[in-house]
Every structure is written in structure tokens, then in C-alpha cells.
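A.B. asks: Work out the full structure, taking the sequences as your base and the hints as a guide.
The primary structure of each chain is shown beneath.
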Amino acid sequence: MITLKKSDFEKMLAHAEKELPNEACGLIAGTANGEDKVIKEVYLLTNIDKSNEHFSLDPKEQLAAIKDMRAKGISPLGNWHSHPESPSRPSDEDKRLAFDSKASYMILSLMDREAPVLNSFKITGEDPKTSEKEQLIIED
Amino acid sequence: MIITVAGEKKEVKDGITVSELIEQEKVETPQYVTVSINEEFVESGSFDTTVLKESDNVEFLYFMGGGSR
Numbered sequence: 001m002i003t004l005k006k007s008d009f010e011k012m013l014a015h016a017e018k019e020l021p022n023e024a025c026g027l028i029a030g031t032a033n034g035e036d037k038v039i040k041e042v043y044l045l046t047n048i049d050k051s052n053e054h055f056s057l058d059p060k061e062q063l064a065a066i067k068d069m070r071a072k073g074i075s076p077l078g079n080w081h082s083h084p085e086s087p088s089r090p091s092d093e094d095k096r097l098a099f100d101s102k103a104s105y106m107i108l109s110l111m112d113r114e115a116p117v118l119n120s121f122k123i124t125g126e127d128p129k130t131s132e133k134e135q136l137i138i139e140d
Numbered sequence: 141m142i143i144t145v146a147g148e149k150k151e152v153k154d155g156i157t158v159s160e161l162i163e164q165e166k167v168e169t170p171q172y173v174t175v176s177i178n179e180e181f182v183e184s185g186s187f188d189t190t191v192l193k194e195s196d197n198v199e200f201l202y203f204m205g206g207g208s209r
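Chains as they are written, first to last, in this note's numbering: chain A, 1 to 140; chain H, 141 to 209.
Misleading hints may appear alongside valid ones.
Below, in silico cross-link-like pairs of lysine-lysine (BS3-like), each with a Cα-Cα straight-line distance of 25 Å or less [to be verified]: (1) H/193 <-> A/60; (2) A/11 <-> A/40; (3) A/129 <-> H/166; (4) A/95 <-> H/166; (5) H/150 <-> A/67.
Residues on chain A that point at chain H, a partial pick, calculated with CB under 7 Å [stated by the list, open to error]: (6) 9; (7) 97; (8) 127.
Now the in silico label distances, taken between C-beta atoms and shown as ranges [what the hints assert, rightly or not]: (9) A/126 <-> H/191: 28 to 36 Å; (10) A/140 <-> H/163: 45 to 53 Å; (11) H/182 <-> A/124: 29 to 37 Å.
Worth flagging that the hints you see were computed from the coordinates, not collected in a lab.
All of these numbers come straight from a predicted model, not from anything done at the bench.
Using N, Cα and C, we set each Cβ at its ideal position, and we do this for glycine too.
C.D. replies: Here it is, written out as C-alpha cells:
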């Protein structure tokens, strides 16, 4: 189970909408107790691919975010990105480029602009990698 | 000598290279790792020849990316 504050969801959504038509991306950090994760901080990073179909996090911003997490005593939990025109599920490329089986990979679909969908996935295994949806709770 | 790796102080042999440190730290999928030393990013082609110095601050960052297709 992974818990996200509604205000952080809104922050993520606003960034994703601002970056349209390109994909938006960032990091999530917080605390983990076994399979239960609580997101305390959502980081909005630059998609250096500037693409509607791909994203890569800016390594300089990634480094700054990791240092901020350390300073705040929270841990990296995974990343998030938007799918401007496709559903909230990992693409083949998302799976191929997911290297951490413990991380949460959150995907925000803006396919239906009136009803954005956010899901969180674990991506595990090798050839082929498989994804499994995590229970996501968005709380006030 | 003492260096800092991912925020933790570690003792390593003098003259250790980035490639050797990657091996010593058992970094997974090193082909997708970006390395910074004192906030400067190191070209991946230079890992074998980049020698670390006392008090260097090293970070390993995993490439994070994907796509919607």
C-alpha cells in the first residue's frame, strides 16, 4: 500500500498539465515500513527528453532531490511520470527502464483530461518484466 | 583514505578508480548509473581512469526514464 496526500497529487497534476503536450516526471520520497509506504515529498523534475512519448529525469535535479531527501530524513521511494495520451499503466519502455524492484513507479494518465488517473506499480522480474498495481490511497 | 559515498563516510584504498568503487559497492546495473564527484558528473567512458581523492563526495544516480508507447 502506498499513501499520497491529496495536495501532493494536485501538485503532480498541475505540473503534468503545465508540461503538456510533453510527459512530466519527478521523484517520490517518504517512509517505508515493509510494503507500506507513505509519500512525504513529491519532487517535480525536468523531463530532459522534452517529449510526448518519453521521459528522462534531469540528473542534476535528481542529485539535488536526493540531497534534499537526506536532509529531511526521508528515503527515495520511486518516481512518477505522466502519460499525456495513454492509460495509466507501464509501457514496455517503462518496464525495460525500471531497474529497482522495490521502487514504486507512479503513472498519471491525462488521456481523459476531465478525469486524470494515477496508479502506482511495482515492476519486477527479468525477460519479461512484469508490473503489479499497488494499492494507492490518496488522503486529505 | 576516507571518502563519502551516497552520504556515508567509507574507507577505501588510495588511488581507487570510479570503476573499482562501483564494483566494491556492488552497484547494480552499472551501465545505467551516473556518477558525480563533488557535484561534477563523470563521463561514463572515464570511469576506469578517474581516480578518487581523499574526502571526495561520490554519488551514484540511477538513470530514470521511460515512455508512454
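A.B. asks: A separate judgement is required for each hint: does it hold in the structure or not?
C.D. replies: Tested hints:
Restraint check: the Cα-Cα separation between residue 193 of chain H and residue 60 of chain A comes to about 22 Å, which is no more than 25 Å; the hinted pair holds. With a CA separation close to 13 Å, the supplied pair residue 11 of chain A and residue 40 of chain A stays within the 25 Å bound. The suggested pairing of residue 129 of chain A with residue 166 of chain H holds, with an alpha-carbon distance near 22 Å, which does not exceed 25 Å. Of the supplied pair hints, the one linking residue 95 of chain A and residue 166 of chain H holds, its CA atoms being roughly 23 Å apart against a limit of 25 Å.
Taken as a hint, the residue 150 of chain H and residue 67 of chain A pair is honoured in the structure, with Cα atoms around 18 Å apart against an allowance of 25 Å. Interface restraint check: residue 9 of chain A against chain H, minimum CB-CB distance 19 Å, threshold 7 Å, status violated. Nearest Cβ of chain H to the Cβ of residue 97 of chain A: about 5 Å, under the 7 Å cut. The hint holds. Hint status for residue 127 of chain A relative to chain H: violated, with the closest Cβ pair at about 14 Å, above 7 Å.
Take residue 126 of chain A and residue 191 of chain H: their Cβ atoms lie about 34 Å apart, and the range 28 to 36 Å holds. For residue 140 of chain A and residue 163 of chain H, the Cβ-Cβ distance of about 47 Å falls inside the hinted range of 45 to 53 Å, so the restraint holds. Evaluation of the 29 to 37 Å hint for residue 182 of chain H and residue 124 of chain A yields a pass: the beta carbon distance comes to about 30 Å.
When the structure is compared with the earlier hints, violations turn up for hints 6 and 8 and for no others.
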